[in-house]
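Chemist: Chains as they are written, first to last, in the working numbering: chain H, 1 to 517; chain S, 1001 to 1259; chain B, 2001 to 2099.
Read the hints as simulated data drawn from the structure, not as lab findings. Check each hint, because a few of them may be wrong.
To be verified - With the Cβ distance kept under 8 Å, some of the chain B side facing chain H (calculated, not the full set): (1) Val2021; (2) Val2023; (3) Ala2027; (4) Ala2044; (5) Phe2048; (6) Ala2051; (7) Phe2063; (8) Ala2069.
To be verified - A few chain H positions that, by computed beta-carbon distances, are all more than 10 Å from chain S: (9) Tyr177; (10) Gly181; (11) Ala233; (12) Leu240; (13) Lys401; (14) Lys439; (15) Ser477.
Stated by the list, open to error - Quick partial rundown of chain S residues pointing at chain H, CB under 8 Å, derived from the structure: (16) Gly1101; (17) Leu1104; (18) Ile1105; (19) Asn1115; (20) Phe1118; (21) Gln1120; (22) Ala1143; (23) Leu1151; (24) Lys1169.
Beta carbons are placed, not taken as given, at the ideal position from N, Cα and C, and that holds for glycine.
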Amino acid sequence: MSSALIADITAPSVNYYMLAPILIVLGGAVLSVLVEAFYPRESRRSAQIALVLTTLVVAFLAVLNIKVDAILGFTIVNSLAIDGVSVFLQGLIILSALVGALLISENRIDPLGDAFAAQSSALPGSEDELAFTERGWYQTEIWSLFLFSVGGMLIFPIANDLLTLFVALEVMSLPLYLLVGMARRRRLLSQEAALKYFVLGAFSSAFMLYGSALVYGFANSVELGDIAKALSASAANSNLMLVGGIFILIGLLFKVGAAPFHQWTPDVYQGAPTAITAFMSAGTKVAAFGALLRVFYVALSGLAWDLSAVLWAIAIITMLVGTIIGVAQSDIKRMLAYSSIAHAGFLLLGVIAQSKAALDGSLFYLAGYAFTSLGAFAVVSLVRDASGEANHLGQWAGLGKRSPVIASVFTLFLLALAGIPLTSGFVGKFAVFAAAYEKGLAPLVVVAVIASAIAGFFYVRVIVLMFFTDASGDEVSVVVPSFATAAAITITAVVTIVLGVIPQPVFDLLSNALFLK
Amino acid sequence: MVIAFWICAALAVFGALGMVFSKKAVHSALFVALTMINLAVLYAILEAPFLSMVQIIVYTGAVMMLFLFVLMVVGVDSSDSLTESIKGQRVPALLGASALGVILIGLLGNITMTNIGFDQAYVAYDGNIDALAGLIFTKYLFAFEATSALLITAALGAMVLTHREHAEKPLTQRDLSVLRFKSGNHPGSLPSPGVYARHNAVDIPALLPDGTMAEISVPKPLAARGAIRLIDLASKDEVQALNRGEAVITSQSTDRVEE
Amino acid sequence: MELNNFILLSAILFSIGAVGVLVRRNAIVVFMSVEMMLNAANLAFVTFAKANGSIDGQVIAFFVMVVAAAEVVVGLSIIVSIFRTRRTASIDEASLLKF
Chain H
1 MSSALIADIT
11 APSVNYYMLA
21 PILIVLGGAV
31 LSVLVEAFYP
41 RESRRSAQIA
51 LVLTTLVVAF
61 LAVLNIKVDA
71 ILGFTIVNSL
81 AIDGVSVFLQ
91 GLIILSALVG
101 ALLISENRID
111 PLGDAFAAQS
121 SALPGSEDEL
131 AFTERGWYQT
141 EIWSLFLFSV
151 GGMLIFPIAN
161 DLLTLFVALE
171 VMSLPLYLLV
181 GMARRRRLLS
191 QEAALKYFVL
201 GAFSSAFMLY
211 GSALVYGFAN
221 SVELGDIAKA
231 LSASAANSNL
241 MLVGGIFILI
251 GLLFKVGAAP
261 FHQWTPDVYQ
271 GAPTAITAFM
281 SAGTKVAAFG
291 ALLRVFYVAL
301 SGLAWDLSAV
311 LWAIAIITML
321 VGTIIGVAQS
331 DIKRMLAYSS
341 IAHAGFLLLG
351 VIAQSKAALD
361 GSLFYLAGYA
371 FTSLGAFAVV
381 SLVRDASGEA
391 NHLGQWAGLG
401 KRSPVIASVF
411 TLFLLALAGI
421 PLTSGFVGKF
431 AVFAAAYEKG
441 LAPLVVVAVI
451 ASAIAGFFYV
461 RVIVLMFFTD
471 ASGDEVSVVV
481 PSFATAAAIT
491 ITAVVTIVLG
501 VIPQPVFDLL
511 SNALFLK
Chain S
1001 MVIAFWICAA
1011 LAVFGALGMV
1021 FSKKAVHSAL
1031 FVALTMINLA
1041 VLYAILEAPF
1051 LSMVQIIVYT
1061 GAVMMLFLFV
1071 LMVVGVDSSD
1081 SLTESIKGQR
1091 VPALLGASAL
1101 GVILIGLLGN
1111 ITMTNIGFDQ
1121 AYVAYDGNID
1131 ALAGLIFTKY
1141 LFAFEATSAL
1151 LITAALGAMV
1161 LTHREHAEKP
1171 LTQRDLSVLR
1181 FKSGNHPGSL
1191 PSPGVYARHN
1201 AVDIPALLPD
1211 GTMAEISVPK
1221 PLAARGAIRL
1231 IDLASKDEVQ
1241 ALNRGEAVIT
1251 SQSTDRVEE
Chain B
2001 MELNNFILLS
2011 AILFSIGAVG
2021 VLVRRNAIVV
2031 FMSVEMMLNA
2041 ANLAFVTFAK
2051 ANGSIDGQVI
2061 AFFVMVVAAA
2071 EVVVGLSIIV
2081 SIFRTRRTAS
2091 IDEASLLKF
């Protein structure tokens, strides 16, 4: 009966140029699953690393290719939007993923192997696990999961309807839930972090979905553009739109780690393998802020006035929670997690301000923060004692005397996180705060500056600890990493300085970065 | 229709409340299954026959069964611990969530809803399933493709976290018995002391058919202490005689024992 | 047929699900509550589809079922792996990570 009707369904036009980065990364992920199935175990790890790095490099070239000769626009019936912002974000995500992949591939700093359990399904300390470790076998499925997650991150900020947004959110998050729970050392901590991340993540995505349902009821469409049109056209059932908008924001704010939806951040950052923490802190933040900016700028701008009170409160709470509770932390990874919460608060200023300058500032801020954060966590993974990483702040005392190079590089990252001039952090903060001030958000800017000052205190505290305090006598050493980690730290440090000293090229790049509406 | 709605709605809410308030996780799972079946009926009322079937097959058939399966794995009677790890968190949580519900119902209670139905939507298509396919493979094509990534991730994740591989193949029963004989130890059970001897005391070795002593029949600690009592030569002859099938008249002096 | 009642039902189910997530301590039950919330969203989608006369809501509900199935697999495998290590399914037992 339907054979006659098949002709009625016209296949949607697919712009493969625009989709190339996503298709390459997801295709690479599928290939990596095949490698997992058919490659001999002994050489699987190197094959996977080669595959992942090649995939990411080719995907990056594909992103550059979009910029050069493809016409920007929507594709597959408006479900994806390729515009200046999405090209920039995709490029940024792929570069962060490249650095992240270098960190994940590190297997020199831990005498037992890489940062992941030799076999996550075996009980920690069981005979099976020991046998795997002895033979030098690795859990190579992490690479497939990693690529799937990167694919989701590439889709998330360019999704132009709420369904694609939801699916992309899950594609991005599910592999991360798994990767968080696979640490080689302190497995219980890691598994608990995975459980917490999963439960809270599923909870927040349920909120986002219910919000989407209400918005669909209001606008009779889930396309961001249609929602904006419906919002400007009708005032009937505005409750539906308001509640729906807030619920969608809850889902997105959870992913960016804004208070009061931040509870997962410190636990997950602490429990996850440090390489994954580094990748998450950069990739998830960029992708989620990209999506938040797109949803807010494209779909919900008509609701900005209604939501402003909520967003102001969230921004203020986020900045204060991130900085004040951050001061009280004694674990370096938790401290960096609270720092990431504080940065989410600063970035929210760019979301609220809703101007071209604020958008540019936020994107620049994201670029700077992504590399700084990757670098900072990379350094954290090098400072170790006999049982693994030495994450307690007390153990970092006197590091400047034992290993001046690493301590100086870490100081650079901390200064960038604090926003000291001549680092990328300063330029990003300045751009966002200035844009917010122009839009009349002076009270928020004042809070942000105060919060920055408090945050500066705990970054400086670590610097003082490293350089001007004597070592406590613990057996803490800075391990000499393999080429991969060394390259990652060098790249991130150079980017942090270059973006701070000559930021103009990036702003030029951003000059045509606009959201397609 | 109206009656069906009220019955199903009541049962669905009953199932949801049962899920929250039942002590045992298994009961919760069964209550959830109840809610989901009723939702399937509601979908049918809302003119979504395909979804109604998928709801039953996927949710009650697959998802809830998976829940039950995992409950069996982790132990059916894993009930809640009533101690709160964060003090006084439960009551505010309950109040907060209830407030959310009240606000939600208050805000959604007074919306005006049209009831257009699908006559217009089905014009180009041949009924419900056709129309769904028309959208899935055009407007939502990308989401459809992206879900495949999700399914691969799920399969991979389940394998990574729960499928245990062994570095070497585990030994079978056959391998084990081969190993037992190869090692050269006595494969069967040891002879017990006192066999063919005049005494069956634990410190007297058994005699083999040729009349010699079987030292393995005596517990090793006794042998190590030199506490084995040797038997007299007469009994050796008697054993040999027994083996030849001759009648043996045992002497009365059974207690003659050489040290 | 009054469609408002369907939306109210979905709001009630969503809230009960949220209560379950916040109040129950057994990870598996918490997870069932999340499923309940997703189902409430599905009911809202299907209701609005009929109300607005567009089939999109049904398509989305269908996708949500697929996503939920994948999520269930990942979530339950995390729960099983943590249970094996720890022999408990309570999320509060998992308390090495303190505030």
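Chemist: Hint by hint, note whether the structure agrees.
Modeler: How the hints compare with the structure:
Among the interface hints, the one on valine 2021 of chain B holds; its C-beta lies about 5 Å from the nearest C-beta in chain H, closer than the 8 Å criterion. With 8 Å as the threshold, the beta carbon of valine 2023 of chain B stays out of range of chain H, its nearest partner Cβ sitting at about 13 Å, so the hint is violated. The beta carbon of alanine 2027 of chain B comes within 6 Å of a beta carbon in chain H, closer than 8 Å, and the hint placing it at the interface holds. A cut of 8 Å between beta carbons decides the hint on alanine 2044 of chain B: the least distance to chain H is about 4 Å, and the hint holds.
Contact between phenylalanine 2048 of chain B and chain H, as hinted, is supported at the beta carbon level, the nearest pair being about 4 Å apart and thus within 8 Å. Nearest Cβ of chain H to the Cβ of alanine 2051 of chain B: about 7 Å, under the 8 Å cut. The hint holds. The beta carbon of phenylalanine 2063 of chain B comes within 6 Å of a beta carbon in chain H, closer than 8 Å, and the hint placing it at the interface holds. Proximity of alanine 2069 of chain B to chain H is violated relative to the hint, the smallest CB-CB distance being about 11 Å (cut-off 8 Å).
Taking the minimum C-beta to C-beta distance to chain S, about 8 Å, the non-interface status of tyrosine 177 of chain H is violated against the 10 Å cut. Distance check for glycine 181 of chain H against chain S: the nearest CB is about 7 Å away, which does not clear 10 Å, and the non-interface claim fails. With a closest Cβ-Cβ approach of about 15 Å to chain S, alanine 233 of chain H is found to remain outside the 10 Å limit, as its non-interface label requires. With a closest Cβ-Cβ approach of about 6 Å to chain S, leucine 240 of chain H is found to fall inside the 10 Å limit, against its non-interface label.
Against chain S, the non-interface label of lysine 401 of chain H holds: every CB pair exceeds 10 Å, the least being about 42 Å. Residue-level check passed: lysine 439 of chain H sits 29 Å from the nearest beta carbon of chain S, beyond 10 Å. With a least CB separation of 31 Å from chain S, serine 477 of chain H remains clear of the 10 Å interface cut-off, as annotated. About 12 Å separates the beta-carbon of glycine 1101 of chain S from the nearest beta-carbon of chain H, more than 8 Å, and the hint is not met.
Satisfaction of the interface hint for leucine 1104 of chain S is found here, the shortest Cβ-Cβ separation to chain H being roughly 7 Å, below the 8 Å cut-off. A least Cβ separation of about 11 Å between isoleucine 1105 of chain S and chain H goes past the 8 Å threshold, and the interface hint is therefore violated. At a threshold of 8 Å, the smallest CB-CB gap from asparagine 1115 of chain S to chain H is about 13 Å, leaving the interface hint violated. Annotation: interface hint on phenylalanine 1118 of chain S violated; nearest CB of chain H at approximately 13 Å, more than 8 Å.
Against a cut-off of 8 Å between C-beta atoms, the interface hint on glutamine 1120 of chain S is violated, since the closest Cβ of chain H lies about 12 Å away. With its C-beta approaching chain H no nearer than about 5 Å, alanine 1143 of chain S sits inside the 8 Å limit, and its interface hint holds. A cut of 8 Å between beta carbons decides the hint on leucine 1151 of chain S: the least distance to chain H is about 10 Å, and the hint is violated. Of the supplied interface hints, the one on lysine 1169 of chain S is violated, with its beta-carbon coming no nearer than about 12 Å to a beta-carbon of chain H, more than 8 Å.
Taken one by one, the earlier hints fail for this structure at numbers 2, 8, 9, 10, 12, 16, 18, 19, 20, 21, 23 and 24, listed in ascending order.
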